[in-house]
Amino acid sequence: MTSRRQLLQASLTLGALQLFPGMSHAQAKRLVFATFTGSWEEAHRAVLVPAFKKATNNAEIILDPMLSVDQIAKVTAARNNPPIDVMLHDPGPALTAIDQGLVENYPVATSANYKDLIAEAQEETGPAIFFQVVGLTYNPDKIKTPPTSWKDLWKPEYKGRAGITNLNSTLGTGFLVEIAKMFGGSESNIEPGFKALNDLKPNLAAVAANPGALATLFQQGQVDISPGNFNAIQILKARGVPVEFVIPKEGAIAFKTTIHIVKNSPNRELAVALIEAAMSPDVQTKLMQSPYLVVPTNSKVKMDGEIAKVLAKDQADMKKRFVFQDWKKINEQRAQWIERFNREIKL
Amino acid sequence: MQSSPEIVSPHAAQSAQTAPASAFGLKLQAIVQRYPGATSAAVDGISLDINAGELVALLGPSGCGKTTLLRIIAGFVAQTEGQIIVGETAIDALPPNKREVGVVFQNYALFPHMDALENVAYGLACRGAPKEQQVARAQEMLELVQMSHLAKRLPREMSGGQQQRVALARALAVKPRILLLDEPFAALDKSLRLDMQIEVKRIQRLAGITCLMVTHDQEEAQSMADRVAVIHQGRLEQYASPNEIYDFPRTLFVNQFVGNANSLKGTVASTAENQVGTVLVAGVSLPARLVSPSLKVGDSVWVCIRPEQLELRAATERIEGPGLKGVLTLSLPQGPQVIQEVQLGDGAAIKVAQARASNQTMLSSGTAVFAQLRDGSFCQAYAYV
Amino acid sequence: MSTKKSLPVTAYPLWLASPLALAMLLFFITPLLMLGVVSFYSDAAMTQWGSVANWAKTLDGFGLTVLLDTLWLGVQVTALSLVLGFALAWSFLRMPARLQPLIIFIVMLPLLTSVVVRTFAWIVILGRQGIVNNFLMDLGLIEAPLKLLYTRLGLVVTLANVQLPLMVLPLITALQRIDMNLSDASASLGASEWQTFKKITVPLALPGVIAGCLLTFSAAITAFISQSLIGGGQMLFMPMYLYQQVSALSNFPFAAAISLTFLATVILCVSLFNMLGRLSRGYANG
Chain B
0 MTSRRQLLQA
10 SLTLGALQLF
20 PGMSHAQAKR
30 LVFATFTGSW
40 EEAHRAVLVP
50 AFKKATNNAE
60 IILDPMLSVD
70 QIAKVTAARN
80 NPPIDVMLHD
90 PGPALTAIDQ
100 GLVENYPVAT
110 SANYKDLIAE
120 AQEETGPAIF
130 FQVVGLTYNP
140 DKIKTPPTSW
150 KDLWKPEYKG
160 RAGITNLNST
170 LGTGFLVEIA
180 KMFGGSESNI
190 EPGFKALNDL
200 KPNLAAVAAN
210 PGALATLFQQ
220 GQVDISPGNF
230 NAIQILKARG
240 VPVEFVIPKE
250 GAIAFKTTIH
260 IVKNSPNREL
270 AVALIEAAMS
280 PDVQTKLMQS
290 PYLVVPTNSK
300 VKMDGEIAKV
310 LAKDQADMKK
320 RFVFQDWKKI
330 NEQRAQWIER
340 FNREIKL
Chain E
0 MQSSPEIVSP
10 HAAQSAQTAP
20 ASAFGLKLQA
30 IVQRYPGATS
40 AAVDGISLDI
50 NAGELVALLG
60 PSGCGKTTLL
70 RIIAGFVAQT
80 EGQIIVGETA
90 IDALPPNKRE
100 VGVVFQNYAL
110 FPHMDALENV
120 AYGLACRGAP
130 KEQQVARAQE
140 MLELVQMSHL
150 AKRLPREMSG
160 GQQQRVALAR
170 ALAVKPRILL
180 LDEPFAALDK
190 SLRLDMQIEV
200 KRIQRLAGIT
210 CLMVTHDQEE
220 AQSMADRVAV
230 IHQGRLEQYA
240 SPNEIYDFPR
250 TLFVNQFVGN
260 ANSLKGTVAS
270 TAENQVGTVL
280 VAGVSLPARL
290 VSPSLKVGDS
300 VWVCIRPEQL
310 ELRAATERIE
320 GPGLKGVLTL
330 SLPQGPQVIQ
340 EVQLGDGAAI
350 KVAQARASNQ
360 TMLSSGTAVF
370 AQLRDGSFCQ
380 AYAYV
Chain F
0 MSTKKSLPVT
10 AYPLWLASPL
20 ALAMLLFFIT
30 PLLMLGVVSF
40 YSDAAMTQWG
50 SVANWAKTLD
60 GFGLTVLLDT
70 LWLGVQVTAL
80 SLVLGFALAW
90 SFLRMPARLQ
100 PLIIFIVMLP
110 LLTSVVVRTF
120 AWIVILGRQG
130 IVNNFLMDLG
140 LIEAPLKLLY
150 TRLGLVVTLA
160 NVQLPLMVLP
170 LITALQRIDM
180 NLSDASASLG
190 ASEWQTFKKI
200 TVPLALPGVI
210 AGCLLTFSAA
220 ITAFISQSLI
230 GGGQMLFMPM
240 YLYQQVSALS
250 NFPFAAAISL
260 TFLATVILCV
270 SLFNMLGRLS
280 RGYANG
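Chains as they are written, first to last, in numbering that gives the first Met the number 0: chain B, 0 to 346; chain E, 0 to 384; chain F, 0 to 285.
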């Protein structure tokens with residue numbers, strides 16, 4: 000059974016790649032890192048890659064930015080000779096990759112930087128190298144009093160002006176869990192969350208198909224208030240779109256972005272070197288600064304700049320203001336939630 | 000079944016002159032058509048008076064404006080100036096579907112998705128006639144054009160001649176006041192053409208309908224029409240019976256276009272009463288009608304001689320009267336006659352038509368010949384321009 | 000018989016098609032068959048094979064609703080495209096010949112730009128502060144901006160515009176092939192313009208209408224980008240349903256069942272259109 004399944008999976012999406020060795024990663028000693036697209040790739044190219052090269056005496060590295068689902072598909076298709084050495088994941092896909100046995104535990108015992116990560120970032124299956132933070136986003140031109148709570152979204156004055164995303168995204172799913180909690184539910188009791196979403200309908204101008212579409216809606220003035228990703232909002236702001244980010248008093252939703260060694264990677268040592276560099280206070284400090292504004296996970300990084308101003312003064316403050324969610328529980332139920340969202344949330 | 004008033008028995012309509020009272024005349028008054036941007040008018044002040052029941056041919060080379068004129072009458076094109084009167088009524092302001100002018104197109108323009116019967120019934124269907132009446136009338140018309148047996152055929156399953164019959168039946172089914180035929184025989188095989196010409200003439204007589212036919216074929220115009228209007232560069236050159244057009248062409252153009260006239264340069268040698276005189280061509284004096292007004296002795300003229308007005312004699316024969324001297328270069332047998340080409344001394348070539356007779360030995364190429372005007376024939380002289 | 004062997008000089012041996020056939024087999028048929036096999040796993044991790052649960056789920060009440068709604072969207076878009084496209088093709092054939100290349104260029108232009116760009120243009124047009132709302136507010140016809148983006152109407156209009164070239168080009172071709180004399184003939188027989196249009200032009204343009212509808216319909220129901228950007232996350236059509244299962248849930252078996260169901264439906268619709276097309280082709284050009 001297993002062999003047939005593997006055969007199928009192997010050829011399902013990328014079997015053809017095996018026919019063309021040049022297209023896949025067959026050679027050793029050239030690390031392939033599947034980062035995220037867009038600004039993440041830019042940040043990693045500018046800061047992480049030089050640090051890695053310095054640490055490894057100029058080893059070759061390739062950044063191959065792609066979505067989590069593509070990373071998993073590519074590795075699944077060639078488990079024994081994976082085309083990727085290091086994966087980067089949001090909490091949901093990370094759990095999928097771990098469950099499917101695609102990743103190797105990180106050698107925490109011999110790691111120099113692992114122990115310095117704050118407790119929430121320490122994951123043996125792959126440490127978190129940054130956090131993504133979701134708070135409230137609003138248009139300061141239209142909304143003069145900054146919102147202070149998630150509950151503000153339900154204010155009658157925002158009728159037809161609020162936006163959310165559907166549950167395809169980590170952001171949308173995290174938001175649903177957060178409002179469930181706010182109204183007395185939890186990861187295992189999502190009911191209050193759906194009820195609250197239904198109540199939010201009159202205020203909703205849009206349910207975006209993805210967070211990127213939400214950004215467009217702000218630009219077009221279609222939406223004036225919504226949950227938003229801190230880093231995405233910084234990019235919009237830099238482009239001159241009138242948006243501001245605030246942490247609601249209930250706390251910001253924080254997602255761990257974890258980095259993983261792919262099982263059977265021929266470049267295990269280089270992969271460890273890359274992850275060490277990504278955890279190092281040096282790299283994280285540089286990434287924290289403008290224009291990258293990546294939220295650090297190493298406790299030795301001194302909070303600074305925009306992040307210190309908007310998110311948290313220091314690690315202690317961070318622990319107070321960030322809310323982490325139980326993605327193991329979320330992942331188990333996400334399919335049901337999505338189905339329910341499909342049926343119930345129609346405008 | 001009610002009988003249609005237009006369909007009169009062949010005995011009652013022996014000729015166009017005895018047209019039924021229900022037929023309508025057609026008057027064109029100084030029609031001008033200028034297309035924007037064009038330097039000259041496509042139709043330049045044409046006036047025509049067509050009697051009820053008459054078949055008139057608009058004859059001219061392609062691009063002369065005759066088709067434009069037809070489209071103006073049908074209402075597909077609005078004329079720049081002038082008036083069209085059917086019977087007593089001006090129809091200029093009416094759209095094509097209100098004009099009661101039937102059209103048979105050059106390519107017949109049958110509706111490809113309808114069978115013969117549906118095509119013929121179409122006009123009645125558009126008028127909202129009851130279904131039985133449509134079918135009855137369509138069958139009656141198909142019978143008239145002898146197409147009843149092919150009523151269920153689609154146009155693409157019919158020959159050209161059959162399509163034309165259906166097109167004719169379709170146009171006549173709605174009892175138009177005027178019938179327009181646009182080059183109706185141009186798309187037919189030559190062998191079929193004569194049959195269809197006779198057929199159309201027969202049907203036109205039977206229907207007793209006033210009919211205007213556009214053609215570039217002078218033989219067709221001659222054989223079919225009661226009167227022929229020759230059009231050249233948007234102008235009416237001559238409007239008369241086929242015989243008059245042929246025998247007394249009023250302009251050089253008409254002369255050249257109708258019949259294969261030989262045109263030679265000459266001068267007026269003498270003038271007499273009734274525009275008759277003599278002309279000098281290649282040193283030979285020939286009797287001529289001086290068609291252009293006020294020609295004087297010594298004027299340069301184009302002299303037109305029809306091939307059948309000439310006969311050939313071998314130069315060795317003793318001849319009486321004047322003759323053009325030349326060498327026979329080509330013989331083209333054409334059924335009942337032979338066309339002979341003769342090269343004259345000054346380099347000009349003329350055509351001579353000779354009736355074919357079995358007992359006559361033909362002159363061979365290279366023979367020196369005289370081309371003589373037949374007794375009683377006149378050539379035609381037109382002012383040289 | 001020696002004559003048996005001689006082929007017409009213009010005939011090509013069939014084996015020349017074999018590279019294409021092989022490529023189709025390898026890159027199209029095989030993955031499709033595998034998709035079929037995958038669809039019978041009962042769980043997302045693909046451990047239990049031999050269950051029709053995914054198929055049952057695809058065609059249960061909700062799945063069927065999504066499928067039918069997607070097809071209905073296709074019908075709406077196709078209908079609007081047809082009306083706009085016919086008007087455009089009709090006037091195209093009646094405008095001065097020197098303008099025609101320009102119009103063709105304008106019609107083709109959307110095909111030369113990315114679907115994403117065209118869709119974003121429509122976001123700008125339909126937004127709260129978009130062109131339509133600003134215009135209506137300037138005229139004083141409305142007080143507050145209308146909600147156009149993220150509505151069914153907005154989506155149908157956008158898709159109709161985005162897919163318009165697919166409708167217009169076959170229509171122009173079909174209308175061009177109709178002998179202009181036919182409408183003249185119809186008029187001279189007493190038909191009004193409307194009668195001519197109904198009884199002559201439309202039946203004869205039918206092959207083009209069907210070709211255009213087929214292209215527009217298939218493009219509209221599969222237009223993932225426009226559907227999600229203009230329709231938003233609360234409208235669920237088959238492409239998004241499929242994407243969701245793969246991207247957010249990694250549920251390949253269910254996604255496979257959805258995609259094959261959708262594929263079968265599209266093929267069914269295409270065959271229906273084709274059948275109509277064959278019937279109507281009899282009309283054109285005698």
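Think of the hints as simulated: they come from the structure by calculation, not from any bench.
On a predicted model such as this, the values are computed, not experimentally measured, just so you know.
Hints may be right or wrong, so weigh each one.
Unchecked claim - Calculated lysine to aspartate or glutamate pairs in the DMTMM-like style (CA-CA distance at most 25 angstroms, straight line):
1) 194/B to 281/B
2) 97/E to 68/F
3) 174/E to 192/F
4) 198/F to 374/E
5) 197/F to 114/E
6) 56/F to 122/B
7) 141/B to 42/F
8) 130/E to 183/F
9) 26/E to 137/F
10) 299/B to 122/B
11) 146/F to 68/F
Said to hold, decoys possible - Anything over 10 angstroms on all C-beta distances counts as not near chain E; from chain F, calculated:
12) 10
13) 25
14) 180
15) 181
16) 185
Cβ coordinates follow ideal geometry from the N, Cα and C atoms, glycine included.
Going through the hints against the structure:
Annotation: proposed proximity of residue 194/B to residue 281/B is violated, straight-line Cα distance about 45 angstroms (limit 25 angstroms). At roughly 48 angstroms between alpha-carbon atoms, residue 97/E and residue 68/F are farther apart than 25 angstroms, so this suggested pair is violated. With a C-alpha separation of about 20 angstroms, the suggested pairing of residue 174/E with residue 192/F holds against the 25 angstroms cut-off. Distance hint between residue 198/F and residue 374/E is unfulfilled; the C-alpha atoms sit about 63 angstroms from each other, more than 25 angstroms.
For the hint linking residue 197/F to residue 114/E, the alpha-carbon distance of about 17 angstroms falls within 25 angstroms, and the restraint holds. As the CA atoms of residue 56/F and residue 122/B are separated by approximately 36 angstroms, the hinted pair breaks the 25 angstroms bound. Our distance criterion of 25 angstroms between C-alpha atoms is broken by residue 141/B and residue 42/F, whose separation comes to about 47 angstroms. This hinted pair checks out: residue 130/E and residue 183/F have alpha carbons roughly 24 angstroms apart, not beyond 25 angstroms.
Restraint check for residue 26/E and residue 137/F: the C-alpha separation of about 58 angstroms exceeds 25 angstroms, so the hint is violated. The straight-line distance between the Cα atoms of residue 299/B and residue 122/B is roughly 18 angstroms, inside the 25 angstroms bound, and the hint therefore holds. Taking the CA atoms of residue 146/F and residue 68/F, the gap is near 21 angstroms; set against the 25 angstroms cutoff, the hint holds. Residue placement check: residue 10/F keeps its beta carbon more than 10 angstroms from all beta carbons of chain E (closest about 28 angstroms).
At the 10 angstroms boundary, the C-beta of residue 25/F stays outside the reach of chain E, the nearest C-beta of that chain being 44 angstroms off. Not every Cβ of chain E is farther than 10 angstroms from the Cβ of residue 180/F; the closest lies at roughly 4 angstroms, contradicting the non-interface assignment. Consistency note on residue 181/F: stated as away from chain E, yet its beta-carbon is not over 10 angstroms from all of that chain's, at 5 angstroms minimum. With a least CB separation of 7 angstroms from chain E, residue 185/F falls inside the 10 angstroms interface cut-off, contrary to its annotation.
Figure legend: structure checked against the earlier numbered hints; hints not met, in rising order: 1, 2, 4, 6, 7, 9, 14, 15, 16.
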